[in-house]
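Following the hints, complete the assembly by docking chains B, C and D onto the known chain A.
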Amino acid sequence: MLVNVLYFASLRDAAGISGETLETQAPDLRALYAQLQARHGFALPVQRLRVAVDGAFADWGAPPVHGSEIAFIPPVSGG
Amino acid sequence: MLVNVLYFASLRDAAGISGETLETQAPDLRALYAQLQARHGFALPVQRLRVAVDGAFADWGAPPVHGSEIAFIPPVSGG
Amino acid sequence: MARFRLSETPFDTATLRAQLLDARVGAYASFEGWVRDHNDDRNVHGLRYEAYATLAQSEGEAVLAEALATFDILDAHCVHRTGELAVGELAVWVGVTAAHRDAAFAACRYVIDEVKSRVPIWKHERYADGDAGWLHPQS
Amino acid sequence: MARFRLSETPFDTATLRAQLLDARVGAYASFEGWVRDHNDDRNVHGLRYEAYATLAQSEGEAVLAEALATFDILDAHCVHRTGELAVGELAVWVGVTAAHRDAAFAACRYVIDEVKSRVPIWKHERYADGDAGWLHPQS
Numbered sequence: 001m002l003v004n005v006l007y008f009a010s011l012r013d014a015a016g017i018s019g020e021t022l023e024t025q026a027p028d029l030r031a032l033y034a035q036l037q038a039r040h041g042f043a044l045p046v047q048r049l050r051v052a053v054d055g056a057f058a059d060w061g062a063p064p065v066h067g068s069e070i071a072f073i074p075p076v077s078g079g
Numbered sequence: 080m081l082v083n084v085l086y087f088a089s090l091r092d093a094a095g096i097s098g099e100t101l102e103t104q105a106p107d108l109r110a111l112y113a114q115l116q117a118r119h120g121f122a123l124p125v126q127r128l129r130v131a132v133d134g135a136f137a138d139w140g141a142p143p144v145h146g147s148e149i150a151f152i153p154p155v156s157g158g
Numbered sequence: 159m160a161r162f163r164l165s166e167t168p169f170d171t172a173t174l175r176a177q178l179l180d181a182r183v184g185a186y187a188s189f190e191g192w193v194r195d196h197n198d199d200r201n202v203h204g205l206r207y208e209a210y211a212t213l214a215q216s217e218g219e220a221v222l223a224e225a226l227a228t229f230d231i232l233d234a235h236c237v238h239r240t241g242e243l244a245v246g247e248l249a250v251w252v253g254v255t256a257a258h259r260d261a262a263f264a265a266c267r268y269v270i271d272e273v274k275s276r277v278p279i280w281k282h283e284r285y286a287d288g289d290a291g292w293l294h295p296q297s
Numbered sequence: 298m299a300r301f302r303l304s305e306t307p308f309d310t311a312t313l314r315a316q317l318l319d320a321r322v323g324a325y326a327s328f329e330g331w332v333r334d335h336n337d338d339r340n341v342h343g344l345r346y347e348a349y350a351t352l353a354q355s356e357g358e359a360v361l362a363e364a365l366a367t368f369d370i371l372d373a374h375c376v377h378r379t380g381e382l383a384v385g386e387l388a389v390w391v392g393v394t395a396a397h398r399d400a401a402f403a404a405c406r407y408v409i410d411e412v413k414s415r416v417p418i419w420k421h422e423r424y425a426d427g428d429a430g431w432l433h434p435q436s
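Chains as they are written, first to last, in this note's numbering: chain A, 1 to 79; chain B, 80 to 158; chain C, 159 to 297; chain D, 298 to 436.
In isolation and in its complexed conformation, chain A is listed as follows:
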């Protein structure tokens, strides 16, 4: 299936892009991140991230949904 992935902050710097549309057979969002971490060399382990789907926080164990927008959220530093 096709999903749209968004990268922020250090993930975007590492990937060199702010997002991409990609084909995935990952069984869950955790596995999807592992594939992308290998591809882009992300330093942040999945344990330090949160994940959001279509603008709402989601569970790492959820399967990717075709056409959804998946955002990997590094530790935040607002304020």
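Since the hints were made in silico from the structure, they are not lab data.
A couple of the hints might just be wrong.
So the derived label-pair ranges between C-beta atoms look like this [claimed, not checked]:
hint, chain 1, residue 1, chain 2, residue 2, range
1, D, F308, A, D54, 28 to 34 Å
2, C, D199, B, E102, 45 to 51 Å
3, C, D230, B, A105, 42 to 48 Å
4, C, T167, B, H145, 34 to 40 Å
5, D, G385, C, R284, 32 to 38 Å
6, A, D54, C, Q296, 55 to 61 Å
7, C, E166, D, F308, 29 to 35 Å
8, D, H397, C, T167, 42 to 48 Å
Negatives, chain D to chain A, calculated, CB over 12 Å [as the list claims (entries may be wrong)]:
hint, residue
9, A299
10, L303
11, T310
12, L313
13, Q316
14, D319
15, A320
16, A366
17, E422
Bear in mind that the values here come from a model prediction, so they are computed numbers and not experimental data.
Quick reminder that beta carbons are idealized off the backbone N, C-alpha and C, glycines included.
For chains B, C and D alone, kept in the frame of chain A given last:
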């Protein structure tokens, strides 16, 4: 000796004056307040007041000093 | 400049805040007390603050000096109104600057609590029913 | 009107404060975060805030709704800057109104703590030595 006494808030309303110069032989400030309480009918007991002499908080056991400015401080309600 | 001031006239908190800010400041905490339209379920029409000015000034400065000595802050100021105030007017402002927010919040709270409990200022409230009186809270 | 907002441009806290005030308000507590000239002993020249705007908006609103449900307050607003900021610029403002100060202080503290820990906004700092980087604090 002569002292200058200042009244604030409900004490001033009860006395009908903001202050007065008076002759006193009171041995300490507590006794001075007792005399003035009797004269003006102050409702507040000495235990609920603080006293200041010449612009600084003072002890009720201190003797009045000739020419000093003595202020009786009802419970405050700023803020 | 005095850190604690009494003001007979309405004052501008934006200017007071600007006086506290510099490049070291990471956190600014402020508190304002406003005249409400009711107090203890009574409708308030307005009020008057009276101060024993010389002692209020020195006691207010003492509170702010204590805040500076106790908390890791950069500066702290406080202004308290005196005279007649209508509902919706500002009665007291506290502003505190620090590198970090823990100290800014703690010092701001300390200053307003101590000012309310120690500085010789008295509130006279006028109520909708025509009654009026000085507030002398039980400590 | 949204209680939480992101702003690409410098914003005026006096106006934001005025929007919160009405006759019921007895206490107004506010917090501001400012860009300091140093962080962890490094000289900071400036910074950039990036947000995941849609999620930041909904998560910020959730934080303010929690504050309103948890504390006895009248209202609470928060604005966070995004984009490039110089030293001395305002990064975030929180304003809370209540009848009494306990709730105003507690809610103000809650909002800034939760915004800093949950809302997807990231800080990129530039240092005097030419180094730069994203801040991803250990939770």
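Taking the hints in turn, this is what the structure says about them:
Checked against the given bound of 28 to 34 Å, the beta carbons of D/F308 and A/D54, roughly 29 Å apart, stay inside it. As the Cβ distance of C/D199 to B/E102 is approximately 47 Å, the hint placing it in 45 to 51 Å holds. As the Cβ distance of C/D230 to B/A105 is approximately 47 Å, the hint placing it in 42 to 48 Å holds. Between C/T167 and B/H145 the beta carbon distance is about 38 Å. The supplied range of 34 to 40 Å therefore holds.
Taking 32 to 38 Å as the suggested C-beta distance range, the pair D/G385 and C/R284 does not conform, at roughly 44 Å. A C-beta distance of roughly 57 Å is found between A/D54 and C/Q296, which places it inside the suggested range of 55 to 61 Å. For the hinted restraint 29 to 35 Å between C/E166 and D/F308, the CB-CB distance of approximately 32 Å keeps it satisfied. Between D/H397 and C/T167 the beta carbon distance is about 26 Å. The supplied range of 42 to 48 Å is therefore violated.
With a least CB separation of 15 Å from chain A, D/A299 remains clear of the 12 Å interface cut-off, as annotated. Non-interface call for D/L303 relative to chain A: violated, since the shortest CB-CB distance, roughly 10 Å, does not exceed 12 Å. Under the 12 Å C-beta cut-off, the non-interface status given to D/T310 relative to chain A holds; the minimum distance is some 15 Å. Chain A leaves D/L313 outside its interface by the beta-carbon criterion, the shortest separation being 17 Å against a cut-off of 12 Å.
Against chain A, the non-interface label of D/Q316 holds: every CB pair exceeds 12 Å, the least being about 21 Å. No Cβ of chain A approaches the Cβ of D/D319 within 12 Å, the least distance being about 28 Å, so the stated non-interface status holds. At the 12 Å boundary, the C-beta of D/A320 stays outside the reach of chain A, the nearest C-beta of that chain being 32 Å off. Look at D/A366: its CB is around 19 Å from the nearest CB on chain A, clear of 12 Å, so calling it non-interface holds up.
Consistency note on D/E422: stated as away from chain A, yet its beta-carbon is not over 12 Å from all of that chain's, at 9 Å minimum.
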